[in-house]
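Sequences and hints are given; from them, build the entire structure.
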Amino acid sequence: MEKKKILISGNEAIAEGALQAGCTFYAGYPITPQNELIAYMAKHMPKKGVFIQAESEPAAINMVYGAAAAGARSMTSSSSPGISLMQEGISYIAGSRLPAVIVNIMRGGPGLGNIAPAQSDYFQATRGGGHGDYHLIVLAPGSVQEAYDLTQTSFDLADKYRVPVMILGDGILGQMMEPVRLSAKKIKANTFKGWALTGCQGRKPNIVKSFFLREGALEEFNLKLQKNYELIRKKEERYEGLFLSDAKVILVAYGTMARIAKSVISQLRSAGKKVGLIRPISLWPFPQEPFNLKNKKIKYLVVEMSYGQMLEDVKLAVCGRQRIEFLGRSGGGVPSQEEMINKIKKIL
Amino acid sequence: MTERVIIAGSGGQGVMLLGKVIAEAAMRQNKQVTYLPAYGPEVRGGTSHCMVTISDREIGSPYVTKADSLIILNNPSLERFKSKVKDDGLLILNSSLAKTDAYLKVKILQFPFTDIAVKLGNIKVANMVALGCYLEAKKIIKSQNILEVFKFMAPAGNPKILEVNEAALREGGKLFHG
Amino acid sequence: MEKIFFRAESLYDVSTHYCPGCGHGIAHRLVAEVIDELGVREKTIGIAPVGCAVVAYDYWNFDCSEAAHGRALAVATAIKRVHPQNVVFTYQGDGDLAAIGTNETIHAANRGENLTVVFINNAVYGMTGGQMAPTTLLGQKTSTSIEGRQKEKHGYPLKISEMLALLPGVTYVERVSLQSPQEVLKAKRAIKQAFENQINNLGFSLVEVLSPCPTYWGQSPKEALDWIRDVMQKEFPLGRIK
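First to last, the protein sequences are chains A, B and C.
For the first sequence, counting from 1, position 75 maps to 437 in the working numbering; every step adds exactly one.
For the second sequence, counting from 1, position 9 maps to 231 in the working numbering; every step adds exactly one.
For the third sequence, counting from 1, position 196 maps to 1360 in the working numbering; every step adds exactly one.
Hints may be right or wrong, so weigh each one.
What the hints assert, rightly or not - Taking CB as the label site, the calculated pair distances span: (1) A:Arg576 x C:Glu1173: 22 to 30 Å; (2) B:Met375 x A:Pro392: 23 to 31 Å; (3) A:Lys589 x C:Pro1184: 35 to 43 Å; (4) A:Ala633 x B:Asp278: 15 to 23 Å; (5) B:Met375 x A:Leu678: 42 to 50 Å; (6) A:Pro408 x C:Lys1386: 52 to 60 Å.
What the hints assert, rightly or not - Residues of chain A clear of chain B, computed beta-carbon distances all greater than 10 Å: (7) Pro392; (8) Ser453; (9) Lys707.
None of these hints come from the bench; they were simulated from the model.
Ideal Cβ positions, reconstructed from N, Cα and C, are used throughout, including at glycine.
As structure tokens, then:
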């Protein structure tokens, strides 16, 4: 039976989604604009679960590492400067093949930046972020409902592929409230993890590590990682396409920017302009399929709250077949509907 | 139908709560709705605002660049947001704490919400007096749904808070009808 | 004939990578013997540090996790909270525990996490080639304190055990030494106490082990043991701190 709708913020929806997915371990450190998430976890983590306010982001991510190693579904959340601090731990999580969910509700940077919404951590999120050849699966929800749903998906993907999964949102997504229909899906019991640290009773000891000193061992391991990433690339592309069959100009935007793009599209469509949208939902793997359009006259307009980060992935996907234009603002600036419409009118 | 509202006032005037009440009620009417608070270091004092969009269709941007309705509870907020309302829009203004701008073309409903709230015995319900006025002016949200939201949000075991909010809503409605 | 000396079950039958005269081998063995004696091998989860003991899991026959440099106590906190019925300990060097991981150390101790910490203090960074550690003695020469540690430039040897003892969340702190067979036996008793405390849910216990590093002290193994007795123990006095 479907549950009723509740009005909650993106931050709260992610927290609720995590609990619904059977997350039993959360560690985090306060930072705006994701404080509602840590507060929600503190309040609603079930008694048998663990909530820790860590002393720092490095401590928080390493606690998540420990909990994941112990077999728990574990999560942390932060915002841009805090995520920078977590990169060490994320690299170790990827290198130790641990499943974990990391939430980044992005704010302006570089440095302390500001607390306004931003998308300027795209490179950091999609290129790995820390040292070494690794990836996270990166999911970018565009609504509070999707934030709730994708959080549950994140835990499943993390367990399935034994990789860290990042939910990448911005301050608006985190703060905005929308009705969410809670899923009636029952919390899945944690699937048995034969590699987890539980004490070696009745089996050989398990070791969780990312250190490979023997000659050739690390390369061997890295090739295994790459094989896993190849599988993820094949299976886990996610996107939403709008009006792709007849669009002359295709907007490419994710998260909150895609919301604004949708407003622009409905306005222009009612004036007879053939505008469409590709909204990548998985930023890594970046969806290739929707860009595979034959018509050379199509033009893309990439819109970001950053200065041309996702643009690079669009260029790689389009592969020179069509023209690509760009509109981006950052540091608290959000490309407005008017700016987008003006740009589209110039291109059309 | 799409209704975009900006609600602004000083911190502590219940601007965020007002936005949430409208959003909760809209949800109960099976509308699409977004509520976007301004977030920042200010908790008390300063200017605080939120944006609510109600629609029958999927809502794109939750950010309101041009509002159909402004609900303004103090003068600094009026200065900040008076250019953000559509030409044929509606301005609901708390005349206890703000002055009108003669050149605004929009429809203006101004009443001393704060003074009325004080008379009702709780200065904090000025926001709900304004809400009562808005409900009657726009007729998008049914006051029955607002009352349900009050019950949903009111701290348990405090019927007095519920009563004064309901009274505020009624007073606000009366203002519109003169 | 009765067998009176044997390899601990918690220790694999392999040779270690440690230098001649290094204290890690002894300390590993003490931990393994204690775990065997307490009968908790199948419940134990060890956290290996970054430092010379990074591959301790190659020598210990129980579940182990690696931790990033300095983060062992954050990792251990989570593992113990997820599995409170297991026995969880960290094994950390001075750079790991008292320099890069000071924050994690202090806060895990202050939370009173029910953990056991084996803290190896050899007053030098071994794995990276003999640089100054937070516990390097005044006047001690290292590759990054060429003239010897000077208080004006480098500050003083950090007495983190004494600092931790101030925290109400900390149950037990003792400093021991591997300087002689008698001291090794005392060290084992202290380590056992620290594990027993955890099993009895008594909270955070730490044993600081003064351990020889002949290679980066520029001494023979015998000289290194004497140096612990004659120099190091003066700066870091042995005994129960809390």
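Taking the hints in turn, this is what the structure says about them:
Separation of A:Arg576 from C:Glu1173 is about 26 Å and conforms to the stated range, judged on CB atoms against 22 to 30 Å. For B:Met375 and A:Pro392, the Cβ-Cβ distance of about 25 Å falls inside the hinted range of 23 to 31 Å, so the restraint holds. Checked against the hint of 35 to 43 Å, the C-beta distance between A:Lys589 and C:Pro1184 comes to roughly 42 Å, which is consistent with it. Separated by about 20 Å at the C-beta atoms, A:Ala633 and B:Asp278 satisfy the suggested range of 15 to 23 Å.
For B:Met375 paired with A:Leu678, a C-beta distance near 49 Å keeps the hint of 42 to 50 Å intact. A hinted range of 52 to 60 Å for the beta carbons of A:Pro408 and C:Lys1386 is consistent with their spacing of about 58 Å. Look at A:Pro392: its CB is around 13 Å from the nearest CB on chain B, clear of 10 Å, so calling it non-interface holds up. With a closest Cβ-Cβ approach of about 31 Å to chain B, A:Ser453 is found to remain outside the 10 Å limit, as its non-interface label requires.
Separation of A:Lys707 from chain B is adequate, the least Cβ-Cβ distance of about 17 Å exceeding the 10 Å criterion.
In terms of the numbered hints stated before, the structure departs from none.
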